[in-house]
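Undergrad: So the chains spell out like this:
There are 2 protein chains.
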Amino acid sequence: MTNYLWLVIAAGALGVLYGLVQTASLMKADTGNDKMREIAAAIQEGASAYLKRQYTTIGMVGVVILIAAWLLIGQYAAIGFLIGAVLSGLAGFAGMLISVRANVRTAQAASQSLSKGLDLAFRSGAITGMFVAGGALLGVAGYYAVLTEVLGLESTGREVIDGLVALGFGASLISIFARLGGGIFTKGADVGGDMVGKVEAGIPEDDPRNAATIADNVGDNVGDCAGMAADLFETYAVTTVATMVLAAIFFRGQPYVDVMMLLPLAICGICIVTSIIGSFFVRLGKSNNIMGALYQGLIVTGVLSVGAVWYVITTLVTGPVVTTGGLQIEPMNLFWSGLVGLAVTAAIVVITEYYTGSNFRPVRSVANASVSGHGTNVIQGLAVSLEATALPAIVIIVGIVVSFQLAGLFGIAIATTTMLGVAGMIVALDAFGPVTDNAGGIAEMAGLPSEVRHSTDALDAVGNTTKAVTKGYAIGSAGLGALVLFAAYTSDLQYFASNPADYPFFANMGVVAFDLTNPYVVVGLLFGGLLPFLFGGMSMMAVGRAAESVVAEVRRQFRENPGIMTFQTKPEYGKAVDILTRAAIREMIVPSLLPVLSPIVLFVAVLFISDKANAFAALGAMLMGVIVTGLFVAISMTSGGGAWDNAKKVIEEGFTDKNGVVHGKGSEAHKAAVTGDTVGDPYKDTSGPAVNPMIKITNIVALLLLAVLASGSIG
Amino acid sequence: MTNYLWLVIAAGALGVLYGLVQTASLMKADTGNDKMREIAAAIQEGASAYLKRQYTTIGMVGVVILIAAWLLIGQYAAIGFLIGAVLSGLAGFAGMLISVRANVRTAQAASQSLSKGLDLAFRSGAITGMFVAGGALLGVAGYYAVLTEVLGLESTGREVIDGLVALGFGASLISIFARLGGGIFTKGADVGGDMVGKVEAGIPEDDPRNAATIADNVGDNVGDCAGMAADLFETYAVTTVATMVLAAIFFRGQPYVDVMMLLPLAICGICIVTSIIGSFFVRLGKSNNIMGALYQGLIVTGVLSVGAVWYVITTLVTGPVVTTGGLQIEPMNLFWSGLVGLAVTAAIVVITEYYTGSNFRPVRSVANASVSGHGTNVIQGLAVSLEATALPAIVIIVGIVVSFQLAGLFGIAIATTTMLGVAGMIVALDAFGPVTDNAGGIAEMAGLPSEVRHSTDALDAVGNTTKAVTKGYAIGSAGLGALVLFAAYTSDLQYFASNPADYPFFANMGVVAFDLTNPYVVVGLLFGGLLPFLFGGMSMMAVGRAAESVVAEVRRQFRENPGIMTFQTKPEYGKAVDILTRAAIREMIVPSLLPVLSPIVLFVAVLFISDKANAFAALGAMLMGVIVTGLFVAISMTSGGGAWDNAKKVIEEGFTDKNGVVHGKGSEAHKAAVTGDTVGDPYKDTSGPAVNPMIKITNIVALLLLAVLASGSIG
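These protein sequence lines map, in sequence, to chains A and B.
Residues 1 to 715, numbered by the UniProt record's numbering, are exactly what the first sequence covers, in order.
Residues 1 to 715, numbered by the UniProt record's numbering, are exactly what the second sequence covers, in order.
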């Protein structure tokens with residue numbers, strides 16, 4: 001086993017190494033003219049300043065939790081939390097550092113050819129992707145190796161389990177702050193900048209006279225890049241950890257328990273290799289089909305992963321395994337479960353492209369509705385956003401059923417792990433979006449020829465879809481993984497309850513009925529169900545307030561400095577960044593703490609009203625409730641937002657409606673489409689994506705609550 | 001017992017009688033001048049034509065189901081279905097007939113004074129309210145009396161239970177068609193008319209030159225009145241029936257089982273009396289506070305109901321009762337449960353007023369966001385709509401916990417029944433809204449002085465809130481009642497499974513695990529959860545298409561008949577009504593059948609993949625899933641829509657923003673607010689309210705599926 005574990009760690013290191021090597025090569029690319037460099041430097045400075053301040057704030061929350069984890073659970077949990085938090089933060093920071101360097105280089109490359117622009121942008125995305133996947137694998141496998149191999153702790157013991165879960169919690173906590181803070185920043189800048197610039201002052205998007213433009217570009221990097229990277233890091237780490245925990249529970253006492261715990265790590269490790277290989281296949285063909293080029297890389301990764309996962313599973317699992325529940329699982333069934341995970345990924349990619357791509361019914365219907373006005377654009381966009389949830393949900397349902405039939409709950413866990421295995425490639429597709437968005441902004445501000453902007457716009461439109469894909473993928477894996485986390489919760493609970501001598505809190509509490517006929521289960525479902533809605537409402541209001549602060553500042557600059565409008569003086573970009581930084585950090589705190597505190601509040605409330613068994617039942621049901629509504633809220637927001645954004649792009653390229661009339665930039669239809677795009681902004685880049693870490697946090701807090709109660713430090 | 005049952009029927013008859021007497025008095029009111037009468041006649045004609053065509057279409061679906069019910073379950077189920085369907089249809093038709101007569105009389109009364117306008121509008125609402133409550137009670141209690149007293153069937157036997165459940169299904173089926181068809185009609189007219197009139201032609205709302213105006217007014221009557229009446233009829237009937245079924249299951253074999261089955265009917269009966277009394281207390285005080293006047297009536301009804309429910313419960317239930325599960329319930333605990341129902345009603349009224357009333361933070365925040373543009377208006381409105389779900393959900397959670405602690409599942413059932421008991425009064429508050437909306441339209445079209453319009457607008461603004469209240473109330477009762485329906489499902493299932501000799505389909509199927517650890521339960525939750533989203537998306541797109549057909553028609557009329565714009569020729573109002581009628585009826589079919597067919601599809605699919613036990617588990621979980629997401633989707637849509645509508649009204653009255661600038665009709669802020677209002681229209685009047693009957697249908701179809709399988713005609 002030991003050798004394989006070190007191989008996994010090597011695979012994680014390979015991912016990071018790939019990132020470092022590619023970064024070195026990326027840095028050599030041409031950064032264009034002085035004006036471009038100047039703009040890029042301003043974006044870099046703003047992004048670094050924001051992230052530093054954001055992480056300082058999160059750090060304060062983190063230290064409190066670190067101490068609490070140490071006191072309430074133990075040193076290994078505290079250290080695990082620290083590792084997860086620091087690495088998740090680093091993944092975000094690295095994503096930002098890469099993208100603020102890639103943006104200007106992409107603008108320059110795009111001024112040469114679309115193909116070169118795509119190459120550079122995708123390469124920067126791949127760097128972030130490999131940092132995320134490699135870093136997460138290094139963190140989880142590395143800490144596991146230290147605990148079991150170096151310190152010699154029992155792999156299925158509480159110290160190791162609690163340490164790994166705490167690592168997941170650290171990653172989740174950072175990621176919700178990063179997603180939300182970054183999301184509020186980027187959309188506050190975007191919405192506020194558009195309102196005061198495009199609507200009030202009548203100047204184009206990304207016009208250098210708008211003091212919010214730099215902030216808008218900073219936002220792409222701290223939100224869509226850093227926030228996304230931290231989010232995917234979290235998804236990757238939590239899923240791997242949850243599968244390991246489930247393996248420890250299901251195969252406790254069996255000779256192959258260590259193999260089964262290693263299995264998710266090994267699958268992830270080999271998929272890093274296939275992702276790296278796939279990344280070399282992203283090349284623009286003669287047809288200039290950007291999405292096709294990206295798909296090429298993704299398909300290569302997928303196909304190679306099928307073989308690789310088969311190899312890993314059949315090598316490690318040499319014969320049938322039996323769970324503590326008595327279910328016998330054949331190795332091939334585990335492989336088929338892994339395939340289910342890859343199939344779910346593929347299906348979600350295709351469905352998301354259908355709902356957010358420029359060439360399909362949904363986006364075109366939104367474009368068409370824009371012709372009759374703002375209201376109908378929004379109605380159609382909302383309708384699309386609601387409808388877009390159905391197919392992904394059915395895919396997830398089918399994924400659950402098939403993998404469960406194959407290999408029980410562990411089959412679902414393996415499907416989820418394999419799905420996340422290719423995260424490096426998926427992140428690569430996503431991170432390329434904000435880079436091209438930024439490149440477009442730089443091209444505009446630096447006054448590059450309009451063909452450059454045309455190239456970056458083409459890349460950006462595809463970026464809108466790939467961004468939606470990643471979000472659908474992350475939330476889809478959460479839907480599939482919900483059962484895994486829930487199973488970890490119930491199994492932990494059962495274990496504690498059956499060993500009351502060691503865990504006195506769980507003594508004599510009777511049977512915990514997770515049955516739907518238990519009203520406390522319904523209470524938990526409803527309470528969990530309300531969280532994504534309340535969270536969505538709070539985060540959208542936060543964006544509104546952040547945008548207002550930007551509007552006020554830009555208005556002030558226009559008013560106090562009339563030279564800005566006539567290009568005689570430059571606006572104070574830094575001031576807008578600074579104001580937004582403070583607004584975003586202030587606004588991210590309360591919604592981020594909602595999922596951290598809610599499980600504890602519900603547990604204590606039901607404990608007070610009823611008894612321990614019902615409190616645990618309500619808490620468990622809450623985990624399921626938050627996923628049931630969260631899945632739909634998140635998918636509807638991210639797909640709807642993507643559809644609105646691309647409907648606007650479709651019109652900007654000249655949209656011919658049913659009556660043969662062509663609508664372009666500046667038309668009434670375009671104005672309506674801009675409204676939809678504005679509405680979609682916080683939907684798809686703030687509230688929607690933050691639901692994924694929110695779901696995870698709720699689940700992990702519940703697991704940690706069990707750990708705290710089991711430790712005997714409370715109760 | 002018998003005497004009390006006839007008393008209940010008498011109370012139902014009293015409600016209907018009140019309606020008839022008040023109608024006679026209403027008809028005597030002044031109908032204004034010839035022009036007003038002419039307009040009103042056109043509205044009447046359009047509304048009748050639409051409803052006739054709608055009910056003919058529904059009738060065809062109904063006949064198929066009637067025959068199926070007869071063949072698959074039996075004659076009593078078929079007759080019950082027929083009664084429920086016919087009465088629900090009649091309730092809708094009556095609501096429409098009243099409101100198309102009250103609208104012109106209210107316009108005339110409002111031209112004399114606000115107080116007279118309120119009096120007339122509310123009186124017409126109260127007529128509809130009493131028809132709905134009285135009719136539903138007559139239907140349920142009457143059919144129950146015929147089955148048990150006249151035909152002498154056993155009250156807890158399958159014939160009676162299936163007959164009552166089928167009655168509920170008949171009511172639900174009609175109501176979803178009526179809600180959806182009416183909702184698509186009314187919002188198609190509203191959205192389409194506004195788009196082509198206000199936006200394109202630049203003429204005001206309700207301008208007689210717009211061919212869609214009559215259709216818009218027709219829509220208020222067939223959607224907000226007829227649809228709402230059918231919906232509330234359904235809610236009332238289904239809740240009463242579900243409580244009776246639960247009583248039959250819980251107290252089977254006890255001497256007081258008939259008393260317990262009578263209890264929900266008796267509570268509803270006495271509450272009809274208190275609602276009638278309360279309706280006389282709606283009088284406008286010197287302060288001209290319309291909401292205050294309505295509250296006065298509601299509070300009187302509420303306070304009287306407390307005493308009345310106490311009297312009924314303590315008279316009928318003379319000592320502790322014991323369920324088959326062994327739970328002993330004191331009569332006073334049943335009374336306290338009833339009080340919980342009234343408290344939930346009061347809380348939902350207050351919360352809904354907060355979120356949709358013109359004087360509170362949410363509506364004012366939407367008005368304020370309108371100042372910065374269309375996009376921010378919509379963002380803030382969506383944020384409010386999401387946030388607005390949290391408090392009602394918590395109220396429902398607390399209601400479930402408290403009534404369950406008091407008297408177990410039967411306590412929840414009594415709470416829900418009592419909540420629905422005062423439906424007559426709640427419907428009165430609601431039905432008054434569309435009447436005043438119509439009155440405003442007639443005033444505008446007939447060229448009455450602007451003060452009249454001012455009065456009707458003031459009434460209409462309150463109507464927006466009361467309409468949102470009714471919807472929150474209906475969906476809230478569904479949330480509370482979900483457990484009752486689910487309990488009926490599980491108890492029925494348990495009963496069949498424990499008597500395999502009589503019900504061979506249920507033999508040897510093993511334990512049905514409704515446990516959240518069963519993946520098929522999660523599958524059911526997710527599948528149920530997707531229905532409200534998909535349904536919402538489909539119905540909003542339907543409104544979009546219906547609106548487009550209106551736009552095309554009005555454009556054609558303007559183009560082909562230039563005299564319309566110069567007031568020389570009248571537009572062809574009937575043509576627009578006709579086109580919309582066809583569109584609405586075409587569009588209502590598929591979404592309405594979604595909840596009818598989904599339970600069957602899921603059951604068969606899981607049966608095919610797994611086994612009977614898991615198929616029943618998935619189906620049960622689906623019922624819970626549809627309520628968990630449906631509750632939030634419905635509340636967010638209805639509250640958000642109300643907030644948008646009133647934000648527009650606030651601006652029309654002159655809104656002073658944070659910087660002291662006043663925005664009024666025609667301002668940029670007003671245009672943005674109109675966009676929000678347009679978006680809110682299908683949200684609050686089509687998709688949102690139709691979720692309530694959708695949830696019920698899913699539940700009842702599941703119950704009927706059990707009945708079919710038990711009958712042995714299939715399987």
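Hints were generated in silico from the structure; no laboratory data involved.
Any given hint might turn out to be false.
[Claimed, not checked] As a list, the in silico DSS-like pairs of lysine-lysine whose alpha-carbon atoms are at most 30 Å apart:
| # | chain 1 | residue 1 | chain 2 | residue 2 |
| --- | --- | --- | --- | --- |
| 1 | A | Lys35 | A | Lys116 |
| 2 | A | Lys570 | A | Lys671 |
| 3 | B | Lys52 | A | Lys198 |
| 4 | B | Lys575 | B | Lys198 |
| 5 | A | Lys198 | A | Lys665 |
| 6 | A | Lys286 | A | Lys28 |
| 7 | A | Lys671 | B | Lys658 |
| 8 | B | Lys575 | B | Lys52 |
| 9 | A | Lys665 | B | Lys35 |
| 10 | A | Lys198 | A | Lys612 |
| 11 | B | Lys658 | A | Lys570 |
| 12 | A | Lys665 | B | Lys286 |
| 13 | A | Lys52 | A | Lys570 |
| 14 | A | Lys35 | A | Lys570 |
| 15 | B | Lys52 | A | Lys671 |
| 16 | B | Lys52 | B | Lys35 |
| 17 | A | Lys649 | B | Lys671 |
| 18 | B | Lys671 | A | Lys665 |
| 19 | B | Lys286 | A | Lys649 |
| 20 | B | Lys575 | A | Lys198 |
| 21 | B | Lys286 | A | Lys198 |
| 22 | B | Lys28 | A | Lys198 |
| 23 | B | Lys665 | B | Lys649 |
| 24 | A | Lys671 | B | Lys665 |
| 25 | B | Lys665 | B | Lys198 |
| 26 | B | Lys35 | A | Lys198 |
| 27 | A | Lys665 | A | Lys649 |
| 28 | B | Lys671 | B | Lys570 |
| 29 | B | Lys658 | B | Lys671 |
| 30 | B | Lys52 | B | Lys570 |
| 31 | A | Lys658 | B | Lys575 |
| 32 | B | Lys649 | B | Lys671 |
| 33 | B | Lys286 | B | Lys28 |
| 34 | A | Lys658 | B | Lys671 |
| 35 | A | Lys35 | A | Lys52 |
| 36 | A | Lys575 | B | Lys658 |
| 37 | A | Lys658 | B | Lys286 |
| 38 | A | Lys671 | B | Lys35 |
| 39 | B | Lys671 | A | Lys671 |
| 40 | B | Lys198 | A | Lys658 |
Undergrad: Does each hint hold? Answer for all of them.
TA: So, going through the hints one by one against the coordinates:
1. A:Lys35 to A:Lys116: With Cα atoms ~21 Å apart, A:Lys35 and A:Lys116 stay inside 30 Å; holds.
2. A:Lys570 to A:Lys671: holds (28 Å)
3. B:Lys52 to A:Lys198: violated (50 Å)
4. B:Lys575 to B:Lys198: holds (20 Å)
5. A:Lys198 to A:Lys665: holds (12 Å)
6. A:Lys286 to A:Lys28: holds (26 Å)
7. A:Lys671 to B:Lys658: At roughly 26 Å apart (the allowed maximum being 30 Å), B:Lys658 and A:Lys671 satisfy the hint.
8. B:Lys575 to B:Lys52: The hint holds at about 17 Å.
9. A:Lys665 to B:Lys35: Violated, at roughly 46 Å.
10. A:Lys198 to A:Lys612: With a Cα-Cα distance of about 57 Å, the restraint between A:Lys198 and A:Lys612 is violated, given a limit of 30 Å.
11. B:Lys658 to A:Lys570: holds (29 Å)
12. A:Lys665 to B:Lys286: Judged against 30 Å, a Cα distance of about 55 Å means the pair is violated.
13. A:Lys52 to A:Lys570: holds (26 Å)
14. A:Lys35 to A:Lys570: Holds. A:Lys35 to A:Lys570 sits at ~13 Å (cutoff 30 Å).
15. B:Lys52 to A:Lys671: Not satisfied, since the Cα-Cα distance of roughly 41 Å exceeds 30 Å.
16. B:Lys52 to B:Lys35: Given pair B:Lys52, B:Lys35 holds - Cα atoms ~26 Å apart, limit 30 Å.
17. A:Lys649 to B:Lys671: Given that 30 Å is the threshold and the Cα spacing comes to 24 Å, the pair holds.
18. B:Lys671 to A:Lys665: Holds: B:Lys671 and A:Lys665 sit about 21 Å apart, inside 30 Å.
19. B:Lys286 to A:Lys649: The hint is violated at about 56 Å.
20. B:Lys575 to A:Lys198: violated (41 Å)
21. B:Lys286 to A:Lys198: violated (49 Å)
22. B:Lys28 to A:Lys198: The given pair, whose Cα atoms are some 58 Å apart, is violated under the 30 Å limit.
23. B:Lys665 to B:Lys649: holds (9 Å)
24. A:Lys671 to B:Lys665: holds (21 Å)
25. B:Lys665 to B:Lys198: holds (12 Å)
26. B:Lys35 to A:Lys198: Outside the cut-off at roughly 47 Å; violated.
27. A:Lys665 to A:Lys649: The hint holds at about 9 Å.
28. B:Lys671 to B:Lys570: At roughly 28 Å apart (the allowed maximum being 30 Å), B:Lys570 and B:Lys671 satisfy the hint.
29. B:Lys658 to B:Lys671: This hinted pair holds, its Cα atoms lying about 19 Å apart.
30. B:Lys52 to B:Lys570: Holds, at about 26 Å.
31. A:Lys658 to B:Lys575: Distance ~23 Å between A:Lys658 and B:Lys575 Cα, so the pair holds.
32. B:Lys649 to B:Lys671: holds (12 Å)
33. B:Lys286 to B:Lys28: holds (26 Å)
34. A:Lys658 to B:Lys671: holds (26 Å)
35. A:Lys35 to A:Lys52: holds (26 Å)
36. A:Lys575 to B:Lys658: OK: A:Lys575 and B:Lys658 at ~23 Å, within 30 Å.
37. A:Lys658 to B:Lys286: Given that 30 Å is the threshold and the Cα spacing comes to 56 Å, the pair is violated.
38. A:Lys671 to B:Lys35: violated (40 Å)
39. B:Lys671 to A:Lys671: The given pair, whose Cα atoms are some 13 Å apart, holds under the 30 Å limit.
40. B:Lys198 to A:Lys658: The given pair, whose Cα atoms are some 22 Å apart, holds under the 30 Å limit.
Violated hints for the displayed structure, listed by number in ascending order: 3, 9, 10, 12, 15, 19, 20, 21, 22, 26, 37 and 38.
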